[in-house]
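Heads up: the sequence lines are chains A and Y, in that order.
Positions 1 to 348 (this note's numbering) are the ones given, in order, by the first sequence.
Positions 1 to 491 (this note's numbering) are the ones given, in order, by the second sequence.
As a list, the in silico DMTMM-like pairs of lysine to aspartate or glutamate whose alpha-carbon atoms are at most 20 angstroms apart: (1) A:89 / Y:110; (2) Y:235 / Y:79; (3) A:101 / Y:110; (4) Y:188 / Y:105; (5) A:20 / A:81; (6) A:20 / A:69; (7) Y:480 / A:137; (8) A:183 / A:172; (9) A:101 / Y:105; (10) A:20 / A:30; (11) A:89 / A:195; (12) A:33 / A:67.
Think of the hints as simulated: they come from the structure by calculation, not from any bench.
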Amino acid sequence: MFEKNHPPGPRSENEVLVAKDLRKFYGQREALKGLSFSLNAGRVLGFLGPNGAGKTTAIRILTTILEPDAGHFVVNGISSEHPEELRRKIGVLPESLGFHKQMTGLECLVFFGRLYGRSAAQARVTGLALLEEVALDRRSKSLVGTYSRGMRQRLGIARALVNDPSVLFLDEPTLGLDPRGQKELLDLIERIARERNVGVILCSHDLPEVESVCDDVLIMNLGQVVAAGTVAEVIGRTRRSAMQGNGIRIQVPLPAVAEARQILAAVTNVMNVTPAGDDAATQGPPFGAGWLRVEFADSTIVNLTENPYLNNRVLDALIRAEIPILGFEAERSRLQDVFLHLTEEALA
Amino acid sequence: MSNTHNLNNNPVELSGNTRMDSGTPTWWLVFVRELNELWMGGKAPVLLLIYSVLLGIMTYVMASNSELSLIPPQEMVYETLKAAIAVGLFISMIIGADAISGERERSTLESLLLTPTSRRQIVFGKFLAAISPWPVALAITIPYLKVLSQGDAVFAQAVPWGALLGTALSPAFTGMGILASFWSNSNKTSLFTGLGIYILFLLPTQLPGSAQTGTMGSLLQQVNPIAATNHFLSKVLVNNRHVGEFWPFLISPALFAALVYVLLFWYAGPSLRLEGGKASKFWVSVGRLIGFSVIACFMILLSTTPAMALQQEEQPQEPAAMSIEQMPLQITIDMAYKTVQQGDHIIYKTVVTNNGAAASPGLCLAMNIINLDAAGDIVDPEDWSPQRTQYIVSLAPGESATHTWRVNAILDGDYLVYTVVIPEPNGRDATSQVLASSGIHLTVTPFTKLNPGGVLPYAIGGPVVLVLGIIFLYRLRRRKIDMGGGTTESE
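Just chain Y, same shape as in the assembly:
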């Protein structure tokens, strides 16, 4: 193009040095520019695309498990919502961590700082743009929650609670990321710091169940905003507990968010600088000390809590006096063998009869499933049946009790299902004779379903719709700009 070598000789007549105020706040201008950079630059769409693919895979796996009756809808919705919030927070953190240090690296911060704009407004505009992916992530999640809820009322609860808690936490984590990038000169440092903080918050939620109970575990859960949110959601969505019982778990997310906002907009915001700055040796040492202490605490917690829990479970046993009393009990079963497909179930009945002259003690009936293939997986009966054990208070002489058992065929293979009757021992130093029924030879043939729970269109459709949306946005943008011109001058 010829224009590149013909500089115009007419200077622009501007309106002098007088101050002009268009009334548009700086934060809004920065927000619009950042939004454009974030979405048109591709970062937010790519992260959300990855998010939707992961969510699709997770939903598909869950729906497959649901078909095998492994997970009830409430739990699937809860798990999906938990994952959505965790990934949403991660995305928020990444975008936040790039907000300032990324501009430093790309050298775009200097030109912004050279304008007569308030530093706090620059930070606020950037913050608003950085939280923009969360509502989209939530919108992407809703169809998955809908399909996984399988018509259960949990969906109506999950969406508002997920939106509320995610919307409280996501901006706070964005703010956390921005704070990390505030004092970092490079993106690498701020991303690493942000990721470290994120893992620190996420770690307690991954501790073994035993470590999450007890005074210390419970306190840790209540203080950690992510763990508290998860706990609250699990109680309300899965266990149908009343909100009033668990509202204290909402305090830490709210306090955490408030703390981040105060730090970001009141303390750090006004002092936004071109350089991230170097911490003094003292603060570097303090930071390292805190970091190592936290890691050490978690290591100790991880290593000791399960052991303590085990110790509690393993009470020292007094050698019991072996007074085995033969009970004149009988158990019959109404099925000898059955072949079913994976995902199907069988229902059988047991009849326990007291043939003796005296009333029986309390009886416990326990169902067990044994894999006949020595190389096969060991069966956990709790995964296969909602009725692992049933109880009889007592049977009068000649009295019978009938019980119904349901067994879900989870995995293919050869199994033997049986039930045992366990009379209650007469005391701590006594035991009893266990009586077993005859077995049911259960053969489970394999079954695969390509579209479990009708989830496949969502699992594939979500990312596809997102890709189409991205293409639409790019095309819209291309109309506004001249894409034809390459560089006309040598570099």
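Just chain A, same shape as in the assembly:
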């Protein structure tokens, strides 16, 4: 589920959003301390940060709801100095959704389509097509008030696409959805980014979700950016700088645990081999199985991306000793660990 690592895209080409030194003050408090970043077309950027990090302020500035006190941004060539023009280039799914419940799904899309200057007929055609794209075509004549949360989220995405935007802002799009609904919506977001070549900014507190769908990630804390880059870059960079705990877990039959420990301890670069959890030891009928955690000697050098052959050597040692390998799991840092580490570090 977390294996996705998109290659970094061309940073200077095809930029649909460039923000430079955005600042915002609320009285004496500086909520945004010089936010700068760019977003390429067809890529999904995860916009992360704990509560109070300045995420909402940043998004409200980028969607022209708030004016920055300093700095500016450009969306597809339109400067933030022309907010009305700029709004034609962006689509937004606010966290609150905010639908008029007395409208049907189609009426809602037609209304917004017309606000963007489409004729009634054009807006209707667009609305119907978008409803089909988000799989709400069979409920196009139902009142929005009768829609489930997931349906309203999908309608919200359709509404955000009604003007064919260059940048799509999605604020907690999977909030309140069941796992199936979450997966479908994330697939839809990914598809929109790729097929429409839209730059997507995804705000979410669900870090596995961000890791699964985003190409890039930007982590904010206390009004400033604490990490930015591709998901793999951010995880890798952070791990090298501070994080611990890279190794592998191997499951072997219970009677072979002791022997396996001995063999693995002798492999080059292996620092420590320890049983990994008592509960695992009783599992795996008919004879039971046990997990062993293999910790490498120098975690600042050895990791799965840079030295994958080390894992092969570990497994090869067990194969040569004819110890059955019942399970294998490569430990690696996750975005969640990075997020917690960076935000805690900033607090400290």
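Here the structure of chain A is known, so what remains is to put chain Y in place on it, guided by the hints.
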């Protein structure tokens, strides 16, 4: 339904990022949507239904009083029109106060602000939708005015004047409500503020009559748009005064409306924001100071004006020299007793004769009605008779004067009706002897009429027609939408 889990893989081909202009102004789109929300959402129909029920009750009570000859048609029409405008303004204010802060609360404002539409046009569209209940309220009122006018020409005057003044004030109060909701983050705040402003305007019209006269009272009445409107209507409709005499009372409603429109569309409209914003401490303090000052002023006004009026009435009396002159006058009455039904009337005659050798001074004849039941209500003869007093300039020796009196039987019970003759005293330090007639023992039996003035069908029919109209609208809407589908996914 199966469609909910099968997201389509074909993206919609749109016409790119080019700007498209359909020619339909934004305000019109917002207006149509708001209208739909207001009427199909049920808020406007419910408020108007309550309005029609209240109007029905008021009309019925008035018609009952009219049957008892308590209120002439002109006054009934005026009172109804006044109430219609007051309630109409209240409805306008409530709807206006919900326009922006309500959207903030329901989180629907953000999506609107994210579109490339002019803020002023959004406000204008909302404003137009918010004033839509007033014409309907006026239309509901017209049949009631018609039935209450009882064929009097006042109806032909009341409708255009009511429409004109209501149409000037109602949008202004809607605008006032929208302004209140402009800077409020919650509906509670904007409704409370709107209601406060409404009461502030309404308060002077509820002051005692004495407080509404005099320089200060008159100025207050002329400045306050509601009081000025009421005063103008009362003079034109009830007192049959010429419009030209009272046109200055139309200035304040017009100025008030102009001020609200300028504030709404020129000052506030373009700066419509997602957040209502917080006022600075300075402005909060200024607001509180103004609020407390206004309340204090009204309290002082309320407490002092009637007292001042009383002081004016109670002139210090010099002890008068008691020179009572016996006048050789006589009064006879042509009725001894009568039993009538409530709502009926009696007419009797009095004859005053001067039996003396000299001409009498000026004579005042006053009719009085006494409730013989000690526990009963005290009678105000002015409510019972159009001729409370009549005058005789002088009676020559041997001359007689006959007067006719009408008494309306307002309440059931046992009464004594009599007339007194009061000779004019010879000066400020003299008095005179009052002469009373024999009494008429008036017995009034109770009478109830279910349909006074034929008003009952209107009182009941108005709300019923409105309910039918609402049902018709809903059915019309249901045909256009799919009502069958509940939610197909878990929340």
